[in-house]
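Fit chain X to the supplied structure of chain C, relying on the hints for placement.
There are 2 protein chains.
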Amino acid sequence: MLELGDRIAVTKDGVRREGVLMPSVSGTVVIKMDSGYNAGFDPERSDVELVRKGKAPMVPPPPPLLRREGLPKVSILSTGGTIASKVDYRTGAVTSQFSAEEIISSIPELLEIANYDGRVIYNILSENMKAEYWQVLARAVGSEIEKGAEGVIVTHGTDTMTYTAAALSFMIKTPVPVVLVGSQRSSDRPSSDAAMNAISAAAVATSDIAEVTVVMHGTTSDDFALVHRGTRVRKMHTSRRDAFRSINCHPIAKVSYPDREIEVLGGHRRRGEAALEVNDGLESRCALVKYFPGAKPDLFEHYINSGYRGIVLEGTGLGHVASDWIKTIKSATDAGVPVVIASQCLRGRVCDRVYDTGRDILAAGGIEGGDTLPEVALVKLMWALANTSTVEEAKGLMKVSLAGEISSSTPTTV
Amino acid sequence: MLELGDRIAVTKDGVRREGVLMPSVSGTVVIKMDSGYNAGFDPERSDVELVRKGKAPMVPPPPPLLRREGLPKVSILSTGGTIASKVDYRTGAVTSQFSAEEIISSIPELLEIANYDGRVIYNILSENMKAEYWQVLARAVGSEIEKGAEGVIVTHGTDTMTYTAAALSFMIKTPVPVVLVGSQRSSDRPSSDAAMNAISAAAVATSDIAEVTVVMHGTTSDDFALVHRGTRVRKMHTSRRDAFRSINCHPIAKVSYPDREIEVLGGHRRRGEAALEVNDGLESRCALVKYFPGAKPDLFEHYINSGYRGIVLEGTGLGHVASDWIKTIKSATDAGVPVVIASQCLRGRVCDRVYDTGRDILAAGGIEGGDTLPEVALVKLMWALANTSTVEEAKGLMKVSLAGEISSSTPTTV
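Chains as they are written, first to last, in our numbering: chain C, 1 to 414; chain X, 1 to 414.
So here's chain C without its partners, still in its complex pose (with noise of 0.2 Å):
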């Protein structure tokens, strides 16, 4: 019998990791490797073995924690990442470190703003996210804010974080601020952007910002952080803590760093607003498709006859393809198959009406995707097509604005 602790070996498709035991709720067998870093494994496809018995953990479980009377109640629900990642490596001792307790007692301030409940909901390398674990987040999240929860962050690894941050902003109606952060390296590196990180995130958790949004470090200093929409916002940059950048819009809010005060610098919805509303519904069988020169549209041949339901297709300038292209758009919307375009650019807004090749995409069925970034389209076709009956019916929730992906017109300063 394992237990957490324990030095296992597994090995999967013929390559062997060794790694101490962790804490996983997802069913997926997770060790902390020699270093530091966790790899998580299907275990009906992997073989698993002991190594060693494993000591009791080395570090004492933190105290439970202190509950301030006045403070707003936030909930903590991690889901992997850097962020989380804080582990004595040389030890490889299991600690409670993705718990709400441990990211508290590391970052005392936090304890300033709110009292906190926590959760571990997953605990995967985030390239590793699909659209169930969104599902299985977004019932999480709704249920916290169900159980009385009056703001919720979400700790997650930075690489999809955005795409993380769509999916939640178009199945959840929240009538409270909900809050994805992570840190480009981890807390006990130096110049982490964790904690910067995680106290913002807690001011815009306990603020009147009633959206999902991401809040990360807003230039390569500790001066503050900004708050981005969820539909609006994407890493820019592989490693600077600044990666996060609003994209076709300005950043809801900047929080300024350390004394928290939040400037608003765009519209958003108020607390309360609306009303809690978990549409949890995604079509999985969707596919973005990034269009290049020579590109052969066989492409979508490929994936409607490997049954996907709908593709986002990212063009050239105002979203473009060759000409040769424009038959296959029309034959993937006459087989039910949404065709929804974007542009490579990532700034800026589609307009298929100035040039010919624009025209004939849009004969041929294409769905201009507006302002709306790649990604989200993709995350929103995902949505649109399990949360409507009909296929047309999906195409015009494309043209729409549903939690701010798309707007009328783009700001030209942005």
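Be a bit skeptical, because a hint or two may be false.
Unchecked claim - The calculated lysine-lysine pairs, modelled on BS3-like cross-linking and capped at a C-alpha distance of 27 Å, are:
| no. | chain 1 | residue 1 | chain 2 | residue 2 |
| --- | --- | --- | --- | --- |
| 1 | C | 296 | X | 12 |
| 2 | C | 173 | C | 73 |
| 3 | C | 147 | C | 73 |
| 4 | C | 296 | X | 296 |
| 5 | X | 395 | C | 296 |
| 6 | X | 296 | C | 327 |
| 7 | X | 173 | X | 73 |
| 8 | X | 296 | C | 395 |
| 9 | X | 173 | X | 395 |
| 10 | X | 12 | C | 330 |
Hints in this document: simulated from the structure, not taken from any laboratory.
Below, chain X without anything else, positioned relative to chain C:
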């Protein structure tokens, strides 16, 4: 017998379009439609009929170019695009608007800078660009330089201009400036960027910057243009005049307007430093795949089964994909299909040594693209596979800088 200026109808794939027959040298039938925009057709796959005979061109041919003693000799090669689309929309009159003569007659300041020769290489919408056209263009640029051009300007549609710039950067070693230029708004519209961009391009074509560059507006005002390295530039907005930005490096230079002062911002190859060399091989069977959460790795099988020779994988963050892709990367690599890793963040560099997923990708044979843009990595892979005798040699080239597309460390301020 159809003549230029005739009104014709072209029917292709069941769609009939009318317009005025335009000059074309690529074997394509090009018509100017009533909307003012051009469409090109393969004559072997279209039905062409005469609607009515045209009048002789209503615009007199431009006067022969004045030659001024002592000015350098610059060739203007035209490939189509908005910058070459000045036309009388109302009459549909055929003018030689694609020639150097016409461009210069509408922008007289150009005559202060150089003496020009012009050639129409082809006249396509830039979204129809593909590897074969890049090869034709590279040979044409080489031939102009051989004939004594002291600088070459390529006018190009903006949608795929940066892909073409990358392709020319790898195919041509040039002793003189090779400048790509376009416009976001055609010269007969208010606030066109065509004149300033063309004048700035001419200034760079007669400068000491002997590289393949893209010269476009630096701001939304007419104050300066930026000179971007051909392997480091990306169209980052669908419609703004300052859409083109250097990524992961500073622009090579600024060109102030209207005084045309060139301020060099970074190192560059100088005039005469390299001998002319054109290596125009390109392996067009290469694909760019953008990863997204839940994406299925069987896309690789589709490409390998379709005879593709190389794949660039646009991962999340530092270059990550879900764990179930690792095995597929190994299969592709084992099948002799190199897989190059880039990041959809665009800014920053992939680094597959930090996290476990990355190390698995490297162990499976994935090749780190450093801070090369995904689109540039694709074009480079096309070139590397065609200009080496083994796949291993091509893979080796992907890790080193051939035309400034990769650096050992990325500046943190770009």
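Verification of the hints:
1. C/296 to X/12: It holds: about 19 Å lies between the C-alpha atoms, which stays within 27 Å.
2. C/173 to C/73: 19 Å, holds
3. C/147 to C/73: Cα-Cα ~10 Å, so holds.
4. C/296 to X/296: 19 Å, holds
5. X/395 to C/296: Between residue 395 of chain X and residue 296 of chain C the Cα gap is close to 24 Å, so the pair holds against 27 Å.
6. X/296 to C/327: Distance of about 25 Å is within 27 Å: holds.
7. X/173 to X/73: 19 Å, holds
8. X/296 to C/395: Holds. Residue 296 of chain X to residue 395 of chain C sits at ~24 Å (cutoff 27 Å).
9. X/173 to X/395: 21 Å, holds
10. X/12 to C/330: At roughly 14 Å apart (the allowed maximum being 27 Å), residue 330 of chain C and residue 12 of chain X satisfy the hint.
Consistency note: the structure conflicts with none of the earlier hints.
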